[in-house]
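Participant: What follows is the residue order along each chain.
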Amino acid sequence: MADVTDSYRPDRMAGFSRTQWAQVLVGVAVVLTVLQYTGLLPAAFHRLPEELVPNFAGWLDAIFNFVKDDLGLLALTRLLTEGLQWLLDVTANLLFGKRRWPNIGPIPWTAVAAVAGVVGYYLGGWRMALLGAGTFIWTALIGQWTIAMETMSVLVVAAPLAFFIGLGFGILAWRKPWVNRAIKPVLSVLQTLPFFTYLLPAVIFFKVGPTAGAVATTIYAIPPMILMTTLGLQKVSPEVVEAGNMSGCTRWQLLRHVYLPSARTEILVGVNQVIMLCLAMVVLTAFIGMPGLGAKLLAMMGSFKLGRSFEIGITIVLLAVMLDRMSKAWVVKQPEHFEKGTPWWKKHFMLLLGVGLFLFFVLLSQFVPEAQALGRRQNFSQGKELDNLIKGFLNIDVVKATTGFLRAFVNVQILIPFRNFMLSIPTPAFILLVIAFALWLGGKKQAVYAGVFFSLVALSGWWDRSVITLYSVISAVVIAMMIGLPLGIVAARTEKWSKRILLVCDTAQTFPSFVYLIPAIMLFGITDIAVIFSILIFAMVPLTRYTIEGLRTVPVEMTEAADMAGATRMQKLWKVQLPLALPTMAVGFNQAIMFAFFMVIIAAFIGTQDLGQELQRTLAGTDMGKNFVLGICVALMALTFDLTILKWASDQKKKLGLGD
Amino acid sequence: MNKFTTALSAGVVALMPMAAFAEDSSDPIVIPIHNWSSQIVMSHVVGQIFESMGNNVEFVTTDSQAVYESVRLGDVALELEVWEGAFGASFRAALEKGGLHDAGDHDAVTREDWWYPMWTKDACPGLPSWEALNDCAAVFATAETGDKGRYLDGPVDWLKHGQERVEALGMDFVVVNAGSAAALWAEIGAAEADKKPVVVFNWTPNFAEAVWPGEFVEFPEWVEGCDKDPAVGPNPDALYDCGNPAKGYLKKAAWDGMKDKWPAAYDVLTKISFTNPQIAEMAKFVDVDEMEPEEAAEAWLEQNPEVWQGWTGS
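Protein chains in written order, with the working numbering: chain S, 1 to 660; chain Y, 1 to 314.
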């Protein structure tokens, strides 16, 4: 396989342009495919023969076992587990009263809600206070307090861990260029690696349960923190550093008092990212025994309780939105400065208020049991009613007719033939097509990467499943574009609608995707269309978001110039706004593909024949090698698109003179 | 709950001649819970019995296949629902590696096979015979399967051999694999509204029986060796040409170290035995009556003292 791609790899010769070379590659691919259809192509060219597939999984297993047992990594990590376990026990005791040292918990829900309210007020005024306190009051009233605190007890350990590790690596990468160079590709792979690949090693090395959950969450959340830290530190202006040097700072002082405060904004954006990624892992880590909201959600879905799982979804969204808004407010908020001589209590009024309210509610809960905890019978869960509502909606005739039509037409006439066609393309031809795409859009370097990456996928022996994964991703992204782009264009016309749609995007992104898998199945049955529908919702978010942002940031002078030239609205849109917004939209398109690769793995829950299903299967065992190979296949495919599209976007930006 | 536990402990203390065992360790007995209701409630029932004996108990959510590895290593102390069909293979594999052992069977029997909700019988009156099912295969057709019927099998990794059986018995069915148990319920739930006939993989004891009454399809009866020897079963050239065993076991498994660390609790564990109706009742508390698992366990203990006091009282 490798030599087929090698011989067609483009170089500078013959004076062909990139596009022409891409056309040649497509031509060869078409010839190969036609040969396949006429039955002239030897079987070995259609699919790599089984006996040529190297035993990557076996080799990896051997390496893992060597590192794990012979080098004693397992002993080390089990030691770390003890430490982590101790930390988690402390937070677990405080938040939901697990019987462990210091044995003083659980903190009453009223106290937590009050403190959240005060923090919210401090960061962003009344609305934020309402959001902070309201989230916790909702959680308690709906009867999810304990499980939500089980989740939080892990997050309050995992998020700071990810923050400090990320910060440390970020500083290191900024100081030492070689670290930066070494770390970049690792981060790209980490960001595209499916989460199921993080989970299994976490279980093996850190014991099933909250410890493994905390580790997987931490690892998942680290990459953006590193990137943002490095970015922030690189942007610190030399003048500030000069000033620091002149006042005689030591290297540590310079870092602590000059660099880090100057990079504050970027670092806090990193914090925001860490929090969001931690929350994204809440449900997924339930697969490896993490208790809390995720585990409950899976149990609810396992007994077909749509309403209750929907409520859990809302709690997760509220938590996410609250933490997101608060950390963003923190980014914007500048450190306060007081006049000399302000009394101590006035400077720390908010802190004192928070502590005061906390103590008040802790005391109160000694006398009023409702302030301590709400029992199941006191809560306001509307699970049954929601169940009926959802089932009622799915049972409306119009809905049923629409889904029936989609299933009979889109699924049978379009999706399934498309999948079969993709599967019928011979492997070398497929690789050539991908190379042609990368060459045409990106450039020579991207084409080389595409060739190498997809050849590796072919060598992994999971080609058919990889193609099916790719098919789901492509179909979903294409449909998402047909819906998401017009939606973004229309919404971008007015400020009001932009805001509304962006809020919907935020919600859709944090709402645990598992919740809408069940309605998707009920609508479409266990079919490709249910799978694609569930990916679609997720992939549409970045497309719409970046379209709105791209269009709204088109310089006013440009649109005004168009108006003056007497352009109609349509002309303005097509000739001025869209071309200028295109690079930003391309970033959204890229994210859509990344999200789709993420979601396609989750969709294995519905029932697919792709890599996700195999990955899910490996979770139950100890098959680390296979798990890793599958994960890398997904990462390689995602990276190919990532590299190519981002290159194109930055080229376009340069062409338009929009800068970075 | 506290008042109740106290009363419970008092009762147990009165009933139990204390001298019979060495003292149990005060370390928590870790009980694994999975993602289906009966197992969660049963774990809490047993946990509360242990607590009433003065033990500390903790629960940890784990994967139902991976749990045997954890029992083996002593990360968790026991497993209360070892299904022959679903987990027999993982259990036996762990048994061979050593570290855990069989702590006795429940009275309950388990069965897993092709199943249909009752309304399906209206469209295909010959059921539950499999020949009758095959004769009305067209009733189960969907847009994707053409004129063949569709059978929704469990997730591929449950290894239920639906495809092999369709081939071995020459049935006009297309086998589609669901990705999860939740996906199975969603299909039945979607079919329920207009009573569309469906045939899916299902098992007992299970909450689904309470929500959707139904029956198993009767395939040629299971004969030992049906999965290993083609000659066994109606088709002399094929494996998997019989139904699954109609009376599979439901076992308990224990970590080897449990006997020494918590002798009293271990003794109770070996005596514990639930029946199918008891398990169904536990599941019903949660799935139909919307109780939390802890409360369901309490309620069950309260209503069935004669069952469990026999285990602790000896």
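Everything labelled a hint here was simulated from the structure, so no lab data went into it. Hints should not be assumed to be uniformly reliable.
[Claimed, not checked] Some chain Y residues judged to face chain S by a derived CB distance under 8 Å, without partners named:
hint	residue
1	I40
2	T61
3	D63
4	D75
5	A86
6	E144
7	A178
8	G179
9	A182
10	G189
11	P197
12	A264
13	T275
14	Q278
15	E290
All C-beta atoms in this analysis are idealised placements derived from N, C-alpha and C, irrespective of residue type, glycine included.
Participant: Less than 8 Å between beta-carbons is the criterion; does Y/I40 satisfy it with respect to chain S?
Facilitator: Holds, because the Cβ-Cβ distance from Y/I40 to chain S comes to roughly 7 Å (cut-off 8 Å).
Participant: Y/E144 was flagged as interface toward chain S. Is the shortest Cβ-Cβ separation under 8 Å?
Facilitator: Interface hint status for Y/E144: holds (6 Å vs cutoff 8 Å).
Participant: Regarding the hint that Y/T275 lies at the interface with chain S, is the smallest CB-CB distance below 8 Å?
Facilitator: With a minimum Cβ separation of about 21 Å from chain S (threshold 8 Å), the hint on Y/T275 is violated.
Participant: Does the interface hint hold: is Y/D75 within less than 8 Å of chain S, judged Cβ to Cβ?
Facilitator: Cβ of Y/D75 sits 6 Å from chain S, so the hint holds.
Participant: Min Cβ distance, Y/A178 to chain S: is it shorter than 8 Å?
Facilitator: 5 Å, holds
Participant: Taking the least C-beta to C-beta distance, is Y/E290 closer than 8 Å to chain S?
Facilitator: Cβ of Y/E290 sits 7 Å from chain S, so the hint holds.
Participant: Given Y/Q278 as an interface hint, is its Cβ closer than 8 Å to any Cβ of chain S?
Facilitator: 18 Å, violated
Participant: Against chain S, run the beta carbon of Y/D63 and see if the smallest gap drops under 8 Å.
Facilitator: Hint holds; Y/D63 Cβ to chain S Cβ min 5 Å, cut 8 Å.
Participant: For the hint on Y/P197, just tell me whether its beta-carbon gets within less than 8 Å of chain S.
Facilitator: Because about 14 Å separates Y/P197 from the closest Cβ in chain S, which is outside the 8 Å limit, the hint is violated.
Participant: Would the stated hint for Y/G179 survive a check requiring a Cβ distance to chain S of less than 8 Å?
Facilitator: Since the shortest Cβ distance to chain S is 4 Å, the answer is holds.
Participant: For the restraint on Y/A182, tell me whether the closest CB of chain S is nearer than 8 Å.
Facilitator: Interface hint status for Y/A182: holds (4 Å vs cutoff 8 Å).
Participant: Grab the minimum C-beta distance from Y/G189 to chain S and call the hint holds if it beats 8 Å, violated otherwise.
Facilitator: Holds. Min distance 6 Å.
This entry does not satisfy hints 5, 11, 12, 13, 14, going by the numbered hints stated previously.
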